[in-house]
Every structure is written in C-alpha cells, then in structure tokens.
Amino acid sequence: MDSTAILVIVTLTLVGLGCGLAIYLANKFLPEEDETLKAAEKVNQYLPGMDCGACGKPGCFAYARDVAQDLETLQATPCMALMNDDDALGKLGQSLGVDLSGGVRKVAVIHCTGESEVIFDYQGVSTCKSSMQVSAGFKKCPYGCLGLGDCAEVCPVDAISIDREKKIAVIDPERCIGCGLCVKECPNDLIELIPVEMPQYLGCNYLSKKDIPRREKCDVGCIHCRLCVKAAEGDEVKWDDEKDLPYFDPEKSLPAPDSIEKCPRNIIIPRKVK
Amino acid sequence: MKDDTVVKMKLFNNKKSNGVHPTENKLSSHKKIESTGLPKEVTLPLCQHIGAPAQAIVKRGDEVKTGQKIAEACGFVSVPIHSTVSGKVKKITKTVSAVTSRVMEAVVIESDGKDEWVELNKPAHPGTLSKEEIIERIKEAGIVGLGGATFPTHVKLQPPPDKPIDSIIINGCECEPYITSDHRLMLEHGEEILKGLEIMMNVIGCKRAYIAIEDNKPDAVRNMKELLSKDKYPGKITVESLGTQYPLGAEKTLLKRILGREVPVGCLPMEVGVVVQNVGTLKALYDAIYLGKPLVERVVTVTGMVKEPKNLLSRFGRPAKELIDMCGGIVGDADELIFGGPMMGVTQPRFDEPTQRGTNSILVKKSEKVPESNCIRCGACVESCPMNLMPTVYVQFTKNEWYEELEDYWIENCVECGSCAYSCPANIPLVQYIKVGKSELAKLRCK
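Chains as they are written, first to last, in this note's numbering: chain A, 8 to 281; chain B, 11 to 457.
FYI, nobody ran anything at the bench for these hints, they're computed from the structure.
Heads up, a few of these hints could be off.
To be verified - Think about it this way: if two alpha-carbon atoms lie no more than 27 Å apart in a straight line, the pair counts; the simulated BS3-like pairs of lysine-lysine are:
no., chain 1, residue 1, chain 2, residue 2
1, A, K174, B, K448
2, B, K173, A, K64
3, B, K173, B, K217
Isolated chain B (complex conformation):
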C-alpha cells in the first residue's frame, strides 16, 4: 500500500511539462557566422535591458570610440551602454521601444569608418582576479542575458546569501523556430562558452552545471560533449540532450525538466538554487574577461522570406534593413518584420528599426490577417500551457475588465511563450490579451 503511494507521487512529479511542436524551419543552421563590417550610423536606445534605463553621459557633437561608455547604469538592476562604432554623436533623441512600447532616450552615432577602439581593460586570466573584480568587469561591460529577455547578468551572479546556488543550467535549447544563432555559437565558439561557464561557476561557487541542448541539434550536442571530454573538471559539467518541444528554452520549463524543481510564483530561479544562462551570454562573458571587450555585438539570425538566410555577427544599433540587404534582400511580398522568433518575437513598425541587445533574430514574413472567432471552451490552450495555467480564463477576464481576478489565477506565472495562441482553433490572440491584462493589473497595483 505504502509503496503504491510512493509510485503514484513519483508519476505525478515526473509529469512532463506541456508545450507545442511548431515547424522548426531552422533555415540557417548550416550557415557559418559571418561578420558584417561597420554600420554607417547606429541608434542606441538607452534601455536595452530589463531594469532602470541608463543615463546618457555624452553630448551632441562628442567624438566617441568603439566600446566607449555612452550611458551610465542607474541603480543595481541596470547596465551601461557602449558605443558600437567610432565616430561622432549626431544627436540624442527620443525613440519608441518596440519591445516595451515605451518612449525612451536614444543616442545616434555617425560612424567615421575607422573603428578605433577605446582603451580596453587589460585581458586577464580569471584566476588572477577576485570575485568582486570579475563581477565589476561584467557589469561595466554591460552584459545582459542574450537569450532575448536581457536580464542584467551581474545581478544573477550575486544571489542573496540566504539563497545558495547549487547548479547552473546553460541554455542552448533555442526552442523558437527559425533562430539558429545559439546553435552556431555552440558549434563555432564552444571553447569560449566553456571558459565563460568556468568563470561563472567560480564566481557563484557552485559545483554542478548542465548544458541543455534540444536533440534537433545533434552536431552541437556532439561538439559540446567532445570539448567536455578534454575538460579538466570531469563530472562537474554534463551535456543534456533533451527531446525537442516548445517552449523548453523558457528558464522555468527547462529547470523543471532537468532538475524537477518548480520556481514559486513571481520568483526568479535563484529561489530554488539555480541560475539559468544563455550560451550567448557566456560567450560575451568570455570576451569581457579574457579579451576585456564590452558588449558591442552579437550573432543575429536573419531568416524567413529573405534570399539567403544567414547568421550575422552585427554591431548593436544597426538598422535591420541593412542586415536584410546583406542576405540578398526580401523575397516575394513579405511585409512584416519581427525581432525574435515567430512565437515570442515582437513585430516592428518599420524595416529600418535598429537591432538591440535582445535581438537574436530578424524574421521577415508575410503578414496574414486571421479573424478572431469565439472561444468554444475546448481547452486546447490549457492543455498546451507549459506553466499549467488557464489562458482562456485570462482572455475572458481581460475582455470584461476584471483585472483583479487575474491575480487569483496566477497570471504572473505566464511566460508569454505563445503556446496557447498557437494551439487555439479559434485564432484568438491570447498572448496579446494576457499582456494587456498584466499591464492593467500592474497599473491597478500602483494605485
């Protein structure tokens, strides 16, 4: 009898997380990362991360060099912004962030084509630096989570003392369709990623690390395993090849799949002793410590209805149109530009919108208008929700403006992955309703 109960409990705990299986469309997975040269002009919004916007420290007409700090971090959860070209500050204006939909300041820099670098931090071996020095360097380099959410990395590296971190999960899942930037990084810069991971493990002082990769990237899994076999820390780091499912790359889902732990509502993974980092972030971390370089460029997958989908190493602030032209331009009558993937990406108002730190992909597609029909209460969204929520209820409440009730149904837990909208047979844009509900609820709380 007793054994029976135990077995039942285990079955229940091991319940696979839900999700969907969209067509992968990884058009550019076999294309090497190409460097793109210098942009003529860059527009750098002063809030490319989650947290307080940075404060500009340059004026119009100032000469700046590549890597020079142009905006200072404001507060703990904030990072500085660096110039990504050398040249002259053309103007400081306001721009509308297509990601957060807020008006914010932006610095426009005209490139002089020389790409003169500012004097960098001396490249150092992390063994010669203290923990505090490493964290300070990471903060000064402006490193944020490059998976798309852009959470400042130095915050993740300083967990409160009452919450010890026992494991790090390296997120190489890249579950979004179309995007291949992390995949290429793992193939071409695996060593840097592992060195970055080593720094991170030393700073946090944890003993275990998992590199999570979806099994639709067998070459990346093989490459990382090979590199690890040469590694001097046997047994500390393991590569986990996981069954492909969207949204496995969401940190809370990933954590549950690998360690079986669930993050409490409204908390960070820190709460259960885990830090989740994207592979791109680790590469940036390696650059900041070993090379002394601040974060000025990243790999962007340009894909969808372009002539030749590519993975491009591009400086931030470059208009998306230039990158699309480098891939042979738009094919057919595509008229929609998305920063990010098709599931979680944000539609941009124009084709020349500048890329930001969180822009891991530029997706060009044809817009399609699908009329929304009525909810038939089939429960497809409930079944597909990876966080085990009830998205249909959120839509109802938001339509009726019962925003307070949303809280009782744990709307904070929603990661806006879009599985519900993907699976909805009535074409209801559930995520948009949820976003409205969340922001209205936040307004109510402010009052």
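Just chain A, same shape as in the assembly:
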C-alpha cells in the first residue's frame, strides 16, 4: 500500500478519535441546556407561529423567550393573535401556572364603505401612501379607503382582500387574528380593532364639518345629522365632537338597532355576532 494512503487513514482516525473525546468531555463537564431556552420552547408551542412581527419582536420564538423571562411582556407588547385565541391562552396559563384569562378578542374593521367616486385616473406608484401624496387621493372623499392594498400587503393571514371595482379593502372577520399590523399601515387611519362582540360599527370617516367643494361627500357618507344619537335609548351611541361622527363605546359593546335603522345613509353597519 501507498505510504500516503496509510498516512491519510491514520490522521483521519486520530482526528475522529479526538473529536469524539471532545464531545464526551463536553457532555460530561459542561452545564446543561439553558433553563430559559427550555421555558421559551414551552411558551413557543402556544404562540401562533406565523412570525408576523406585530408584537415588535423578530419572530414568535424571540417573543416566547421574552415572555419566559418576564411575564409583563404579555401586557406591554401583547401578541394580539394569542390574546384572541382563548384556547391557547388558557393552555399557556396552565403551563405557566398563572391565570391569563380575561382578554377580549378583537378584530379589525374598516371605517369606510368605499362608495366615494373616483375623480381622476391615478397613474403613479400603486400604494395608498403614494397616492395620498397627489391631492389627498383619487377619490372624491379625501378621508376614505383608496383600495390600493397597503393593508392587505402586511396581513399575515391574508384576511384582507381588495374589491377592485369599488377600490376598497374588505376584511374577513373569520380569518382576522387581530394582530393590528394593518392599523399602523393605513395612511388615513381607517382601520380599528374592535371587540368581536361589538354589534355594529360606523362605515365612515368623514372628518370635515363642512363640505369640500368639488369634492362633495360620497353618496353614502355621514352627513352629521345625529339621528343615530336621537334614536338611541340609552348611551349606546355617543357623539364624538372632535371627529364630528357617532361613536360606539367598545367597553360596553351595546347593540343599537334603532340607530342602524334610522341612519339615512345606512352607514352604521351591523355585525353578525356569534
């Protein structure tokens, strides 16, 4: 046999033996796996695992590690998808030995019905933020949804679809996990997280107290008539003076069927509550 081949065999055998010895020694003498990592893994199995980043952490495991170290993280930067999932929340509470119940499941709604007319042919960059730079959007109403899909882009569960004809975003409440990423994205601040039990919401965001010439309100926009407040029996509908729009208290989530019926523009939208 060639002397080089022998040399190679001997060297490789020695290297292998050396590595094996190192592993043996490491197993014997080095400390065991970090406790916090184990705890993080335990928390992680109850997280949604989509790595959407809505909590502000790089991913679900990073969030789990923070939660394992400090339970306050759940309060400070809540994972909305977890908070909305009672089942997972209960199991997490059980495994950590604390009571985590009491969260209200929230879903996103859009305060616009998208009926406002398109007044010019916008040909720029196809995002809502860009089109807002050109005379406050291409629709008659400068406060409404433009339907170019900045919100749909960031949705981790594809709950938002775009109605191309009406140019409006539509949120599927079944799929929405309430992470809140779309809320930050909308340039007109049209998206809000409301409790899933909320029986109705307002489909308009017309903030101006006066008409805008050549940009009249859309055909279904709020006309600030306050009939909804007058029709209400208790305090289920209040008037928000700053926005000049009706306001439904999310804390109470009271149904206001009379107001829904009275609204001359039909923009108080009833929701199916399970």
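Starting from the structure of chain A, add chain B where the hints point.
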C-alpha cells in the same frame, strides 16, 4: 508637493454640481405679459405659503374690497391672505390643497365686477421708512417667495443676529422647462426688480448682490446689465450669466455655483450668510412699498398643449380653466393639468382648480402611462443628483418600509427636483417614493 495638494483640493471644491438638460420648450418667451381682467369668482385657500395656515376674519355674506385682508397670519412663519376681487363672500368651505395634499379652509368670493380697492398704505419712498416699518409692510402685504416654494419673505429679511448676511442672490434662472414668467418680468419690469433689490439690501444691510440668470435668456441678461450700468451703486450688484442646467434655480445649487458655499443639512441658506430671492418676489416687494399694494396677482405662464401659449397677469384664486380659455383653449387630446413646470410641478385633479400664490405656470399636456420596471442599479440617478445624494437607495428603503434608515442617507437634503426620475432608464418615479419616505419619516419623528 504642497502646491500639488492645494491644486487638488481646489479641483475638488470646484466640482460642478450635477443635473440634467431637459428640452427647454420655452414656448412663450417672446410673448409680452398680458393683463387678464377680473375673474367672476375666486377661491382663496387660507394656506398658500409654507408655514401655519392663516385664520379667516370674514364671514359668509361680508362685502369685501380688492386688497382687503380676509385672513390673519398665525405665528411668525405665516402671512395674511387678501381678497383679490371686490364683492361678496359666497362661502367659507374646505378644500384639498393639491400642493400639500391636506384639507384646509378656503374663502370663496363672488366678484361684483367693480374692482374697488381697499384704502391702501400710502405709497412711500423706502428712505423715509424705518427697517421695522418696511418689514411690517412686507408682512402685511402677504409677500411670499414667488419662485414656487412660497416661503414668507419677511422671515428671510429677519435673520437671527448671530448669522450676518453678506450677500443676496437674485434668482432669475428659471431652469424649469416651459416657464417664462420670470424671464418676462426681467425684460419688462427690470427697474422695479432693481428697486425691490435695493430695499432688500438696505433692510438686511448687506453689501453684495448677484443677479443669476441662465445663459439661455441673453436678452434678460442684456437688459439687466443695461439697467445696472445706470445704477447708482456701481460694483455692488453684478449680473451672473450661468451655463444652463437643471436644477440651477434651486437655491442650494445656485448658491454653490455662484459663491461655492454649501448649505448644511436641514438648514436654510441663511446659515452660510446668504439670502436667495426670486425676481417675482422683488417685483411684489416694490409694489408693496412704492405703491402700497398687497400681493393679489402674479404672472402665470400658460403653456403646453394650448393654442397660443401666453404670459398672463392673473389674480389669485382664478380657476385655471379660465386662463387656458384665454389662450385659445386646449389643443388635441391633452388631459393633464400641472401647476408649475414638468419637472417639479404638481398634477391637479381638475381643470378648474384655482391658481395660488406659488402657481408660476399652468402646463397642459397629455398624460402618458409609462410602466415602472426594476432598478438595474445603473447609478444614473446618483450621477444626476444635484445634491450628491443616492436616490436609488431611498426607493429601496421606502419600498421595504425602512424609514429610519432614510435619515442616515440625508434624505432631508433632497430638493425633489426630479433629476433622478428624469434620468432613470427604468422609469421609476423616484420623487414620489422620496416624498412618501419623507412624510413617513416625519410621522415617525412625531411619535
């Protein structure tokens, strides 16, 4: 060895600023300024300047006269708004500014056709007024920079005491294609411009002034030089004929070309001891002091796809459609209206949008849809940027929503001149991305 270094440094400092050379298309440069008569109705937005919006002081149904103040300035960086016709206040409504894209109040005035003027300030010789009086008159006349940015002029005239101004640059470059309003002003109202400059030099107390004109307007250069030869301040004011390049008329580029000074990031030219003023502003300044008139009208170039491009002297608030009709109407299938030039102008949603103080031109053109393709990292935008920035990086960051990073690449320094978008072979609308990036960055800072 030592001499070598000096030479190198100098070469580096004298590096010409970048830019592009779009087709000039100065269709109306030989047309005299025409006056246009009275509009039937004017819409006056209450924020036609940079700064805080003015506050309305008239009500619906009030009778107003031409030149009467209808809105009061709010704060230091703000100017009052004056009625541009005599008549009745029809309504006070809200409007969307096509320039800033914000909803703001506007006063609509119906003209009675009489054009009765309010009692004006007594015309005065500036020698008889004190500095403070002159500044007060300028502020009350509502004078803003008429080059397009509409920065209140009285602010420029009051530099903080620790920043002495040594030179004034008069901006007659008009580097934007199509626009000729400043060019005509220099030909027809050169004397007024020089008198306005004299007032300004006295108020600021500086010794040097430069009148910067691009060499594609030789008649304006000749006219200004001729007027200066009669001037009683020999040597104080010089006319600089500069090689044509876009965007030479941007104040920071102009300053660098003439004086070789660079304005620090996020600062005004005041920082390096210079004030830059447009020639139209000086004419307005002359009117305010010598004639006592507030700012109610300006020269607007109506150009592009109109039958006969013209320079019109028009009251503010008049619908653009009326001015276009005065030029014989739209030719062909033009469907886009731009206030300003093709490079920096703002597309308007409708043809009857009212003109504002910053509207130096009304450009009618046919819209063309050019599909945006991918950046091939050729660097054409970097090469053409007059501020030596990296526009391609801004697009990347804005697309990926890394708005904080924009600050590290000096996005504030961008003057939105559009040279990058003009030179981009992939048709990427870079300026739009940059505008989005700037506004998102501003939102982040507010938080």
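Now for the hints, and whether the structure bears them out:
Annotation: proposed proximity of K174(A) to K448(B) holds, straight-line Cα distance about 26 Å (limit 27 Å). Distance hint between K173(B) and K64(A) is unfulfilled; the C-alpha atoms sit about 46 Å from each other, more than 27 Å. Pair hint K173(B) plus K217(B) holds up; C-alpha atoms about 15 Å apart against a cutoff of 27 Å.
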